[in-house]
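With the hints as constraints, model all of the structure from the sequences given.
Sequence order for the protein chains is D and C.
For the first sequence, counting from 1, position 22 maps to 21 in numbering that gives the first Met the number 0; every step adds exactly one.
For the second sequence, counting from 1, position 367 maps to 366 in numbering that gives the first Met the number 0; every step adds exactly one.
Since the hints were derived computationally from the structure, they do not count as laboratory data.
One or more of the hints may lead you astray.
Straight-line alpha carbon distances no greater than 27 Å define the calculated DSS-like cross-link-like pairs of lysine-lysine that follow [as the list claims (entries may be wrong)]: (1) Lys537/C to Lys73/D; (2) Lys73/D to Lys535/C; (3) Lys212/C to Lys95/D; (4) Lys35/C to Lys105/D; (5) Lys537/C to Lys69/D; (6) Lys201/C to Lys105/D; (7) Lys317/C to Lys212/C; (8) Lys69/D to Lys201/C; (9) Lys95/D to Lys201/C; (10) Lys35/C to Lys95/D.
Label pairs and their calculated CB-CB ranges [stated by the list, open to error]: (11) Ala133/C to Ala31/D: 58 to 64 Å; (12) Glu43/D to Ser84/C: 54 to 60 Å; (13) Glu11/D to Leu247/C: 33 to 39 Å; (14) Asp12/C to Gly22/D: 53 to 59 Å.
Nothing here was measured: the structure is a model prediction, and the numbers come from that model.
All C-beta atoms, glycine included, are put in the ideal place defined by N, C-alpha and C.
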Amino acid sequence: MASLEINGQSIELDEEGYLVDLGSWTPEVGEALAKAEDVELTDEHWDIINFLREYYEEYQIAPAVRVLTKAVGKRLGKAKGNSKYLYSLFPYGPGKQACKYAGLPKPTGCV
Amino acid sequence: MADYEIPTVTGDDGIVDVPALKEGAMGHLHGPWVSKPDFQKELGFPTDFTMPEGVENYGDVDTLVENWKNRALEKLDDLRGRYRSLQVFLDICVKCGACTDKCHYYIGTTDPKNMPVARQDLLRKVYRRYFTFAGKFFGKIGKPEFVGAADLTEDVVKDWYNYYHQCSQCRRCSVFCPYGIDTAEISMAAREILDHIGMGQKYCTEIMGKVHKIGNNLGLPEAALSDTLEGLEEDIYDDTGVLVELPLDKKGADILLVTPSADFFAEPHVDGLMGYAKVFHELGLDFTLSSYASEGANFGMFIGSYENMRRLALRIRKAAIDLGVKRIVFGECGHAWRVAYSFLNTLAGPWDFLDQNYPIPQHVLEITEPALAAGKLNIDKSANDDMVVTFHDSCNIARGSRIGGYEGGQFEVPRNVIKAVCNNYVDMPKDTIHDSTFCCGGGGGILTDDLMEVRVKGAQPRMEALKHVTENHGVTHMAAICAICKSQFTKVIPYYGFTMDQIVSVHQLVSNAIQLTGQLTEDEIDEMELDYDEAKEKLIASREAAE
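As C-alpha cells, this is what we get:
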C-alpha cells in the first residue's frame, strides 16, 4: 500500500492515491498530494479545496459538479462559475482530482 | 495522455476493420483493484483471504481463500444448478466463430482472449474438465486439452480476473451467436465465482455497499440529496421563472421516480433529470424521488449476485410501499432498466399494490414520447438548432429490454423523442446502432479509473462510427439514455479528438426545447429580480392554505 511521508509521519494512501483515513488530512498533506502529481497549488486551487472540505463536513459527500460550479460562481464571480474554469484548475476532473487533494473520498458510481 | 497506444479512428465508413490478432495484447493488465475484506463482508462474500501486496500479486493462490480451488468449483456447480441457461451456454458452443469480431474490446485491443468465444472458454474449459465425462477422463490421464478442458490453476484465475473485467456484458456477441449464447451470463458467473474466492472487484463491491447503507451508488445522504434537488429547482427557476419541483420523499405522490444517482451528480446527467421534472410538471404528474431508493442502477447484475441484486431491488419496493405511490417510473439508466424491465417482478414483486393501468415499471420515455406525439408539451425545436444530434443505443436497453411495449420500441421511442425536439437528427451506420449497437466501453462494472486502458480501447468502434457521422453529416452531439454511457463517453471521447460537452442526455434535449406554461423570456427574467426562496415559500404557503 502506498504512503506519503510528511514531517516524519507516514500517511496511508489507497491504490489510487486517496487518503485511507480522512482524518489524517492537513493543508500540508493536500500540498504533498498535489506535488506528487506535479501540481503546484495556487490560491485559486485552495478556494476550491476549502469549499469542498466545508461541503463535505456538512453533507458527508463531495458536492455535485453543478453544486460546486454554482457555489464557485457565487463566491468568486460568475466568470468562474463554470466547469471550464474548474477543469482548467483540475484537468482530471474537479470531482476526482480536487477531492483527492482535499482529502475526500473519490466519488464513485456511474460518474 | 496515456502510456499505451490509443486506437486511431478514420471516419471513412464508420466501421473498424477487423484487426489482426495480437496474442497477449492485454496480458500486461491485472484486472481492476481487488476489494478489501470489509466490503466483501457487506455483500455476504467470504473474507478469509489476504489482500495482495501489489497488483502483480493479484490471483496468487496464497492470497485467495483457503481451499480456493474446491470453493471455486463448488460455486460453479451451484451456479449451473441454479441457472439452467448457464449450464446450456457452457455445453452448446460449437466454436463456429460468429462472435469473434463482434466484441468492441476485441476490436479495440486485438487480444484474442477478448474474442467472446475465447473469453467464455476461460470458464468453459474448467467446466469441461471437472463436470463432463470427457474432461474428467482426459484430465485424469493428464491430457485435458484433448477435449478442450483445462485444470483450474493460478494462471486460470489470473486470466479470469483480467479478462472477465474486459467484458461489459453488452451482449452484442450474443446477437450474432447462432445458438444465442449469452456471454454476459458467463461473465457474471465468473465474477460471482471470483467473489467467492477472495477476488471481488473494488469498484462494484464498494458501490453496492454504499447502496445497502445509504441508498445510492454515490453515497449521497438524504441531506445532500435534498440540498442538490433544491439547487436544481433554483436553476430551473432562474432560467425560466417557473417553479418546477423535484420533490423528495413526498408521501402520497402518484409516481415514484427511480433514477441513477449520477443524475443528481454528474454532467450531462443532471440536465436530463431537470428534463424529466419539466415533463412531469407540464403534464401535471405528481411524482417524488426517494432518499431510501435513490438509485436505479443495480450493480448486483454486473457481478452476477442474485442475492445482492435482489437486496437492491427490494429497496425500491419498500420505498414504493412506504411512500404509497401508484406507479414506478425509471429515468435514463441502461442497467436499471434492464433489471427493472426483465427482473423486477421476480426480484421484488408482486406489484399488485400499484395501479395496474400503467406499465410496471414504466420508462420515463414512455411518458414523454406519447405526450409529445399528442401535442401535450409546448415545444420549440429551434432551441436545439445549434446541434446536429445522433443517438447511441445503450446495450442493456437495446438488447436486454423494450421501451414502449412493442418489438423494436427501444430503438424507436428515444429517436421519436429526439426528433420531436430537434430539427437535426442523423443515425450512425446501421451496423453500429439498434441491436447491433456498440457498447460505450464502460458498461457492466468497467467504468472505473483502474480500467482506463480497457475503457479507452473498447470505445474505438463507437468512436469510429461517431467520427464518420461527424465528418460526413455534420453531427455535433451524441445523445444517450444511460448514466454509464454518458460518464464513459465524457471521459474517453477526448482521447479520440472530441470534447466532453458533445455528449448529451435525451431529456436534456427535451428540457432545452420545452416551453413551460408561464415561462418567461430571457429579457423578462433580466428585468425581474427572481428570488427562488421567496417563490418556494409562497408555493408552500398557498398549498397549505388550499389544504
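Structure-based check of all given hints:
no. : hint                            : verdict
1   : Lys537/C to Lys73/D             : 24 Å, holds
2   : Lys73/D to Lys535/C             : 20 Å, holds
3   : Lys212/C to Lys95/D             : 22 Å, holds
4   : Lys35/C to Lys105/D             : 16 Å, holds
5   : Lys537/C to Lys69/D             : 24 Å, holds
6   : Lys201/C to Lys105/D            : 13 Å, holds
7   : Lys317/C to Lys212/C            : 15 Å, holds
8   : Lys69/D to Lys201/C             : 32 Å, violated
9   : Lys95/D to Lys201/C             : 17 Å, holds
10  : Lys35/C to Lys95/D              : 21 Å, holds
11  : Ala133/C to Ala31/D: 58 to 64 Å : 59 Å, holds
12  : Glu43/D to Ser84/C: 54 to 60 Å  : 55 Å, holds
13  : Glu11/D to Leu247/C: 33 to 39 Å : 36 Å, holds
14  : Asp12/C to Gly22/D: 53 to 59 Å  : 56 Å, holds
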